[in-house]
Amino acid sequence: MTILNSPIGRGRLLSYAFMGVLIGALIMGGVGNLINPPAPDPLFTDFPSSLQRFVSYKQLKTFVKETVSESGYNYPMWGWGIGRSFKGAQVLESAADASVAAPGDYSTTNIQVEGVDEADLVKTDGLYIYIVSDYAVHIVRAYPPEEAELVSTITFDQMVTNIYVDGDKLIAMTMDDPWVYSTWSIPDEIWVETTKVHIYDISDRTAPALDRTISADGYTVNSRMIGDYVYLVTQRSDITFNEDEVWLPRFTDDGSTTVVEADMIYYTNVTEPWYSFTNILAINVQNPEEQIGYESFLLGPSTTLYASRENIYLTSPSWDWSSDSTNVYKITIDGRSIEFTADGTVPGRVLNQFSMDERDGYFRIAVTSGHVSRNGAMTSNDVYVLNASLGIVGSVTGLAPGEDIYSVRFMGDRCYMVTFKKVDPLFTIDLADPENPKVLGKLKIPGYSDYLHPYDENTLIGIGKETIEAEEGDFACLVGVKISLFDVSDVENPRELAKIEIGDRGTNSPALDDHKAFLFSLERNLLVIPITVAEVDADDYSSTPPANAHGEYVYQGAYVFHVSREDGIEVTGRVTHIDDPETFLKSGYYFDSDLFVERSLYIEENLYTISQGMVKVNALADLTEIASVLLP
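Residue numbering for the sequence shown follows my numbering, beginning at 8 and increasing consecutively.
No lab work stands behind these hints: they were computed from the structure.
Among the hints, erroneous ones may be present.
[To be verified] Each pair of labels, with its calculated beta carbon distance range:
1) 297 to 583: 42 to 52 Å
2) 57 to 599: 40 to 50 Å
3) 399 to 520: 25 to 35 Å
[To be verified] List time: in silico DSSO-like cross-link candidates among lysine-lysine, alpha-carbon distance up to 27 Å:
4) 445 to 523
5) 506 to 523
6) 445 to 428
All C-beta atoms in this analysis are idealised placements derived from N, C-alpha and C, irrespective of residue type, glycine included.
Can you make the complete structure from the sequences, with help from the hints?
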C-alpha cells in the first residue's frame, strides 16, 4: 500500500511501532490460535464477568500458565527498555524577569473535557512557552513578544513524549529508546518498556531543578491531569520469564521501588489471545511527600482512554476474528485514590477518545462493528448508552451499513457522528432519554470530517478531506483538506453553512488526527491549524488531471481563518517557518522538516506558531511578524 498523505506525526509513528509489535506477536504465536482460541480453564470461569483480585501469587501463576502461556501469544512485545538517567538543564544567560505578571488572555491546550488536562508537545502559562523537541524541553520567554527569547533547555537521554505544566511545576514524560536492556535486576531475556515522569521546579525558568523522578514499567497508554494529580496509564506485555514465573508490575519513586503483589492485581475472565499488565498511577506533582496511588490489572491490550473528572474509562478490543467487541473498564479517581468500579462489553470497536463520553452517570460510546468481506458481511455503526455499572440500557444500531465511523462528538444530550465510504453522512442523535436514544436527522455531502469541534451549542466545525466520487468502482478519491461549518439548530435537518478546501490530493494537516493541533476561539472567531499544501500542476497533464492526481508540496505552515455563522470560513493569512522554496522541490511524496509548524497559540493580541526549530510571533490583527526565536 502506498501512503500518499504525509507527513507522519510523532504520535502516529509510535502507534505504527506498537502495531508492528502486535503483528510480530501474532506471527510468533501462530494465527491459528487467534482464530480458534483455547477454551479457558474451568477453574477461572465460575465467577461473574467482573474484575476481581488474585488471592495469591500461586493463583496468578496458574492463571498465566493455563490461560496465557498455552494460548501461544504472550511472547514479549519488544519495546523501549530503561535508558540512562537525566542529563541536566542547560541554563542560558537571560534577562528574564520572573516578576512579570502573565496576561489574562491566552489559549490553552484543546482538550475534550473541561477540567481534565491532556499532555501535549507544547504548553503555555501566558508568559512562557514550553516545547518538546525530541530529547529536550525548551522554555521560551513569550510575553511581551518583543522580549521573546530562549531562557533554558532541559535535556534527556530518553525521547520526551509530552508534557504538562502546573504552576511552577513542569512534568515531562519520557519513554526509553528501543533495544536497551533494563537496568533493573531482572533476567536478561526480559525486555521491559519503561515510562518515566520527571517533575521539575521551574519557579526560576532560567534554571529548572529536578524535584522527582518516577519510573513505571510499561509503555505509556495515555495520561490526564486533574488538579495537581497526573493519572498515568502504562502497559507491559512481557509478563512471564523462565517459562512459568511472572514478572510482577513495579514502579520506582526517586529510587524507592514498589512491587505490586499478586493479591493487589485485578484480572478478568474475558478470554484474551494475549494479556498485559495495565497500571494506573496517581501522582501529586505539587507534593513529593505524598505516596503514589496505584492499581494494576491483567487485561487484554488497552488502546483508548476517556476521562471525566471522576472516572477513567479504558477500552480493550477483543482480538477474536469471528466477532469484534470492546471491553470497557471504569476506574473511579479522587486525588491519589484509584478504585475499580465496573466493567462491561459492547459490540464493535472504538475509533478514538471522542467516541466516548460520560453524562449524568451514563457512559455513551459509538462503535463500528463487523467487517466488509467477500461473504457479504457488512459494517454497522452503533451508539450504546451504559449505566453506572456499565450495563447497556439503550442503543441506536445499524447506521450507515458498509461504512465506518470517521469522527464523533458528544455535546450535551446529542451525539454527532460522521461515517464515510463515498460520501459523508453527518448523523444527529438524541440521547436525552438514555433508554431510548434515536436518530433525529442526517446530512449527506461529499468528503468527510476526521474531527468535529463545537463552535457553539448549535454549530459544529468539521475538519477532514474533500472527496471526488470515482466514475467506476465503489469508492471516492481523497483530495484537499476540507473545513466545514455545520448548522445543527434544526436537529432533524442539519445543513452545511459554509466550507473551504485547501490544496489538492496530498494536502494534509496534523489536526486531522491530533485535536491538540487545532486552535479555536469563539470570542475571536479565530481558527488556526497547520497545513501541508500539495498542488497539482495542470501543465503536467495533456488533458484535465485525473481525480487521483497527487500534487507536489508547495507550502507548510499555519493557516489562519475567520469563522462565523454570518461570514462563513475565510482565510485571513498564513504563517510559515520555511523561507527556502527549494525545501519543497526536494520533498517528493514525503515532507518533513524541523521547521514544520506543529502547534499554534495566542497570548493577548499575538499569534505564536511553534515548530521543532523555531517560535514565531505575529500580530493577530494583520499577521505582521513581531519576533522569532530559534531553537537548538
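To see whether the hints hold, each was checked on the structure:
1. 297 to 583: 42 to 52 Å: holds (46 Å)
2. 57 to 599: 40 to 50 Å: holds (47 Å)
3. 399 to 520: 25 to 35 Å: holds (29 Å)
4. 445 to 523: violated (31 Å)
5. 506 to 523: holds (22 Å)
6. 445 to 428: Holds, because 23 Å separates the two Cα atoms, which is no more than 27 Å.
Violated hint: 4 only; the structure is consistent with all others.
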